[in-house]
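*Asks:* The chain contents come next:
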Amino acid sequence: MSDMSDTALKQPACPSVRARFSRGMKLGLPILLGYMPVGMAFGILARTHGFNALQAVTCSATAIAGAGQFIGLSLMSAGESVFGVIAATTVVNLRYVLFGATLSTHMSSTPLAGQAALAFSVTDETFAVNIDDHRRGLADAYSMAGVGVIAWLGWVLGTAVGATAAGFIGDPYRFGVAFAMPAMFTALLVAQAEDRRHIVMAVVAGVLAIGFALLLPGKWYIVATAVTASALGAVIYK
Amino acid sequence: MSSAYIWAVIAGMGIANYAVRFLPMALLSRLELPRPLLRFLSFIPVTVMSALTVGEILRPDGQWLVPTSNPYLFAAIPTAFVYYKWRSFLGTTVAGIGFFLVFRALVG
Chain W
1 MSDMSDTALK QPACPSVRAR FSRGMKLGLP ILLGYMPVGM AFGILARTHG FNALQAVTCS
61 ATAIAGAGQF IGLSLMSAGE SVFGVIAATT VVNLRYVLFG ATLSTHMSST PLAGQAALAF
121 SVTDETFAVN IDDHRRGLAD AYSMAGVGVI AWLGWVLGTA VGATAAGFIG DPYRFGVAFA
181 MPAMFTALLV AQAEDRRHIV MAVVAGVLAI GFALLLPGKW YIVATAVTAS ALGAVIYK
Chain X
1001 MSSAYIWAVI AGMGIANYAV RFLPMALLSR LELPRPLLRF LSFIPVTVMS ALTVGEILRP
1061 DGQWLVPTSN PYLFAAIPTA FVYYKWRSFL GTTVAGIGFF LVFRALVG
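Top to bottom, those sequences are chains W and X. Be aware that the first sequence starts at 1, since it is given in our numbering, and climbs by one per residue. Be aware that the second sequence starts at 1001, since it is given in our numbering, and climbs by one per residue.
A few of these clues could be false.
[To be verified] Using C-beta positions, here's what the derived DEER-type ranges look like:
| id | chain 1 | residue 1 | chain 2 | residue 2 | range |
| --- | --- | --- | --- | --- | --- |
| 1 | W | 84 | X | 1084 | 33 to 39 Å |
| 2 | X | 1027 | W | 215 | 29 to 35 Å |
| 3 | X | 1063 | W | 88 | 20 to 26 Å |
| 4 | W | 237 | X | 1004 | 52 to 58 Å |
| 5 | W | 168 | X | 1027 | 45 to 51 Å |
| 6 | X | 1005 | W | 114 | 22 to 28 Å |
| 7 | X | 1086 | W | 81 | 36 to 42 Å |
| 8 | X | 1001 | W | 174 | 41 to 47 Å |
| 9 | X | 1084 | W | 113 | 46 to 52 Å |
| 10 | W | 94 | X | 1064 | 49 to 55 Å |
| 11 | W | 194 | X | 1005 | 22 to 28 Å |
| 12 | W | 14 | X | 1077 | 37 to 43 Å |
| 13 | X | 1102 | W | 117 | 36 to 42 Å |
Note that these hints are calculated values from the structure, not bench results. Here the structure is a predicted model, which means the values were calculated and not measured. Yeah, the Cβ is synthetic: ideal placement off N, Cα and C, and Gly gets one too.
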């Protein structure tokens, strides 16, 4: 295991573009592991909701919207208007605004075209991996592109498998992949808790998250927790 | 569901989801942000990570699990230790899946 961390996290002083990109792909492997089964579930569900395989794969490839896509399906089968479906799936993913704002503090030297390409793959998981890599001072546009590509591949390939060959594979969750994302987030949380103030903020956020998750629907507890706890942190640690 | 309806939703979802990802990044990276806002943003990673972990472990797939029979919660403890000790994300994820399979068999 220590071998994996060495190859994934250390790099020579001036690595080539290809080395930085493939380092990002290695960092993103846990995301691939977590996205494949969820993408499969979306592929299967989309087919049962009247999508053909091409539509299911195109939707995953262009939106990469996770929960937003599942909500979209259920609203579509309830007969919601095109605008209503788009609005709902976008609102569900408004937390990406917060992620984009946080990433922006590390991306002032990345040209607009590069930002435009990298923004495409912002999700909970790629944000978590990239922001941790920035904290270590290792991330750059190419490593972020590697993380984005591997995450995108996991989501799109999973959808393709689910939409075309679900019957042959059966339930992917029997392999325990349901814990891939929780395991990665647990590791990233430990990685973030580097000093006393970050440990304090992690605990505050954890308690708030339970409260907000009880009160708010869907994934809104993430934004509510992050905004409240970070505002507290900004006031306390002047 | 008509094919035109499905394609319209797919196109709109793609564009809208891209806009919420790209616009804040493009606009804010060009501005000199005030210090209090930078301090606020510096706490976003750790608080997002804590919220995500708590949500994924206590309420996987949107369902609250009873803590004493929650294999996610049990598996998270050795998983955190493995990362703390060996500092590998991929290794920790694979080990975590192993812990999860064990605890799912025992308490899930």
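*Asks:* Starting from the hint list further up, note which numbers the structure goes against and sort them upward.
*Replies:* Going through the list in order, the structure violates hints 1, 6, 7, 8, 9, 10 and 11 and respects the others.
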